[in-house]
Amino acid sequence: MDLELKGRPLVSGVKRGIALVSKKPLSFLGGVDPETGLVTEKNHDLMGKSIKDAVLCFPHGHGSTVGSYVLYSLAKKNLGPKAIVNGTADPVVVVGAVIADVPMVDKIDVSQIRTGDTVEVDGEKGTVKILERKKTCT
Amino acid sequence: MHLTAEEEKVYNGERGWAYQTAMKILVKLGDLFDAEKLIPIESAHVSGISYKTLGDAPIEFLEALAKTGAKAKVASTVNPSGLDYEGIMRSAVPETVKEKQEKIVELYKKMGIKPVLTCTPYYVSKPKQGSHLAWAESSAVVYANSVLGSWTNREGGPSALASALIGKTPNYGLHKPENHEPSVRVKVETGLKSEAEYGALGIFLGKNLVDKVPVIEGLRYPREADLKQLGAALASSGMTSVFYPCSRCPKKAENLEKLAVDELTLKKAFEDLSTCSEEPDMVFVGCPHCSLNEVRHVARLVQGRKVKENVMFWVCVSRHVKAKAALHVQAIEAAGGKVVSDLCAVVTWLRELGVDTLMTNSAKTAFYSPTMNKVNVRFATLKQCIETACYK
Numbered sequence: 002m003d004l005e006l007k008g009r010p011l012v013s014g015v016k017r018g019i020a021l022v023s024k025k026p027l028s029f030l031g032g033v034d035p036e037t038g039l040v041t042e043k044n045h046d047l048m049g050k051s052i053k054d055a056v057l058c059f060p061h062g063h064g065s066t067v068g069s070y071v072l073y074s075l076a077k078k079n080l081g082p083k084a085i086v087n088g089t090a091d092p093v094v095v096v097g098a099v100i101a102d103v104p105m106v107d108k109i110d111v112s113q114i115r116t117g118d119t120v121e122v123d124g125e126k127g128t129v130k131i132l133e134r135k136k137t138c139t
Numbered sequence: 224m225h226l227t228a229e230e231e232k233v234y235n236g237e238r239g240w241a242y243q244t245a246m247k248i249l250v251k252l253g254d255l256f257d258a259e260k261l262i263p264i265e266s267a268h269v270s271g272i273s274y275k276t277l278g279d280a281p282i283e284f285l286e287a288l289a290k291t292g293a294k295a296k297v298a299s300t301v302n303p304s305g306l307d308y309e310g311i312m313r314s315a316v317p318e319t320v321k322e323k324q325e326k327i328v329e330l331y332k333k334m335g336i337k338p339v340l341t342c343t344p345y346y347v348s349k350p351k352q353g354s355h356l357a358w359a360e361s362s363a364v365v366y367a368n369s370v371l372g373s374w375t376n377r378e379g380g381p382s383a384l385a386s387a388l389i390g391k392t393p394n395y396g397l398h399k400p401e402n403h404e405p406s407v408r409v410k411v412e413t414g415l416k417s418e419a420e421y422g423a424l425g426i427f428l429g430k431n432l433v434d435k436v437p438v439i440e441g442l443r444y445p446r447e448a449d450l451k452q453l454g455a456a457l458a459s460s461g462m463t464s465v466f467y468p469c470s471r472c473p474k475k476a477e478n479l480e481k482l483a484v485d486e487l488t489l490k491k492a493f494e495d496l497s498t499c500s501e502e503p504d505m506v507f508v509g510c511p512h513c514s515l516n517e518v519r520h521v522a523r524l525v526q527g528r529k530v531k532e533n534v535m536f537w538v539c540v541s542r543h544v545k546a547k548a549a550l551h552v553q554a555i556e557a558a559g560g561k562v563v564s565d566l567c568a569v570v571t572w573l574r575e576l577g578v579d580t581l582m583t584n585s586a587k588t589a590f591y592s593p594t595m596n597k598v599n600v601r602f603a604t605l606k607q608c609i610e611t612a613c614y615k
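Here the protein sequences line up with chains R and W, keeping their order.
Counting in this note's numbering, the first sequence runs from 2 upward without gaps.
Counting in this note's numbering, the second sequence runs from 224 upward without gaps.
Bear in mind the hints are in silico, worked out from the structure with no lab data behind them.
Since the model is a prediction, treat every value here as computed from it, not as a measurement.
The beta carbon of each residue, even a glycine, is placed where N, CA and C say it ideally should be.
Hints should not be assumed to be uniformly reliable.
Mimicking DSS-like on lysine-lysine, the simulated pairs with C-alpha atoms at most 30 Å apart in a straight line are [as the list claims (entries may be wrong)]: (1) R/Lys53 - R/Lys77; (2) W/Lys247 - R/Lys53; (3) R/Lys53 - W/Lys326; (4) R/Lys135 - R/Lys7.
Far from chain R, by Cβ distances over 12 Å, these chain W residues were calculated [said to hold, decoys possible]: (5) Gly310; (6) Asn394; (7) Cys469; (8) Ala476; (9) Leu479; (10) Asp485; (11) Gln553.
Examples of chain W residues lying across from chain R (beta carbon under 8 Å, computed) [to be verified]: (12) Ala241; (13) Thr244; (14) Lys251; (15) Ala280; (16) Val534.
Just chain W, same shape as in the assembly:
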């Protein structure tokens, strides 16, 4: 890989150990994937925050980096943690866990990485169309590439962190136009009616496409939230990082390999995401974190209703969106729900909260929670979720 004179200096340690380590990570990845150079990025989004998923392993490394005074060179943000700032989770976990979680967040902050603690950094600051990014949250990666028209590979926690410190990323994969070309034509032969159906489609496609780039035709007027669910699910069950939604297939994709999805296939994919049919202890929406529109929608659906006493009803959003949604938050909380920020149900201690059965409209959560949280899952539409959470 070709390095500029300045990059060479960083690589050789002239700017200190932290930047040298970050540069080494980027150069080695570049070598691995045959990148010819590093390119500047507009922003970095780092994963690897929740102490529940991380454990102690990264703390030493983050500490060593932060101690040197190294700072992010571009706008940088982090994923959700395992705790919320309002303390819903705090009584459920021991003091040491809280301390460790706070320390991790503090270390990122020290490196100039903004603790937005959300998987939807694009609601905090929308990247420019055509900008290059180094983002690690897979649902955000698909969203950026497919809906926002930005360019990012699916980074891991460490490589996104390295990119934050250097302000660059190796030029390979989805940073190159040729890798954005569709390679398969998916024909959806049934009308999708809810965000959950989009999610179920995503899980099915992820498993079947592996890392191919699909044109997905037959989607009529998908809302932004539908595409977000589709993308998050695609990235959960597969490696696809970009897709092209459309109502009719564009000419250039007409002759690609075809994959048809009929009503029965979709129904099965939807049903397969549930592991039980029991009454849930928790009903969770907001994976990925809700947009302002989605919070408004939930608020309308729960208006004048009451959440059952034995059910926790969680709506997860970033602090940023929550601050803008004050009235909707009031409506949801008046109904007995909780609007929770800084965390995500999947990366927090659900069992410690007493959750055995989780109901959600997120296919991504339904896909991960049985293994990551050891809970039973009921997968349903937002409307069904609210019907179940509230008294009749």
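Excised from the complex, chain R in its bound form:
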């Protein structure tokens, strides 16, 4: 399959990877362990999942602005996401993506993307291409 979603470019760079999709807002401070890259936010649908090398798709961030530094710290330890896709970007995540140098696009309906999809994020054009979707056992 080859579906292109058009959003707004925020942080430049083109990255291809496997999507990790959440329906819930994510706080990087307190919500992601900076030592392991695992989501630790209670009652979160990604709880226990690793964001390392994922194309991380979630509606928007929340919580402390220190969260931006957590993204930087994760990226320096190679535990960060390959790219970020948001419904509506907020300052914490945008600033985090800028300093961590992670391509980012927003204004995307993230429910169109499924965890496990192979996607390509273009932070220059503001697009997310779904290149491959694993067949689900239904």
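Could you slot chain W onto chain R? The hints should help.
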């Protein structure tokens, strides 16, 4: 966003990585909020200092910036840390924690950001009326916009730091006059008698207004400390960053959506801020940090009294105010209290100090401490706080 030729050069990295990163942060935020340009600021106030709230995450980033030799372009200050310079906290935390905390402060200093370590930078240097600022401490943001007549958005730690290094901020939000226009009329139908009641009102309004700009009528002769408590609380439970206090509603706000606050509502908001009624281990005033007037007031109230042996009585102020309040500090310490600088109870290691129950006159502290410090809270007026802290 339109960038000048010089801004463009910084953005493209011609002035080095640190300034480029700072410029990128500002430009991306500008894009996000549809700013058309950057505007010069008078000062920046940076949050993100306490090692207790930060952890290790920002140290690498701050180190990378500081290493380049990048310096703040405008007068810049930082928020309280987790430790005090006189060492009250130092025996309660391990050596490694002290080292990390000192390193964070040192890195800001290296970038030319003044380690005032206070949430009330306006007592150190008052910004000019009508000046544009990039301040990150939410209580200071509300105070600047509502009491001092300066203009600042509610910045985050990283964006305020970026603004310090560039000396500019993207022109959006509260930098534009149209966003200062009141959008709701709050009618306080009961007389407020203490700073704590102003704080309780702030918590109630913050929850109900979200980010609306209120005219708050029915406030009779509020003191500066009352408005400071109201604003700090507003910003804790909501996103409101400016309010207009008045005794009577101005004509232009008469037809706005109305919200009435009666005696019962206020009483409930006040009571809801306590999580227990036990005897406190610590009585804390000075969130936000006390002004000279407030320190004087506390000194008068404790004059000739003695703080109970099993109670820590803390009055938090900036070093700057403490230095000006020598006699009052003496009076408070003679009574057995501590006048503490450089930190704030909420961002320090209270449990490690042995605090289970905290009593405070600050609605902001009462709002945050049960989750941030995992302590029980008793919320009360300053007078009640001192009555409880001292022997009869």
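Worksheet item: Can you list which hints this structure breaks, lowest number first?
Response: 12, 16
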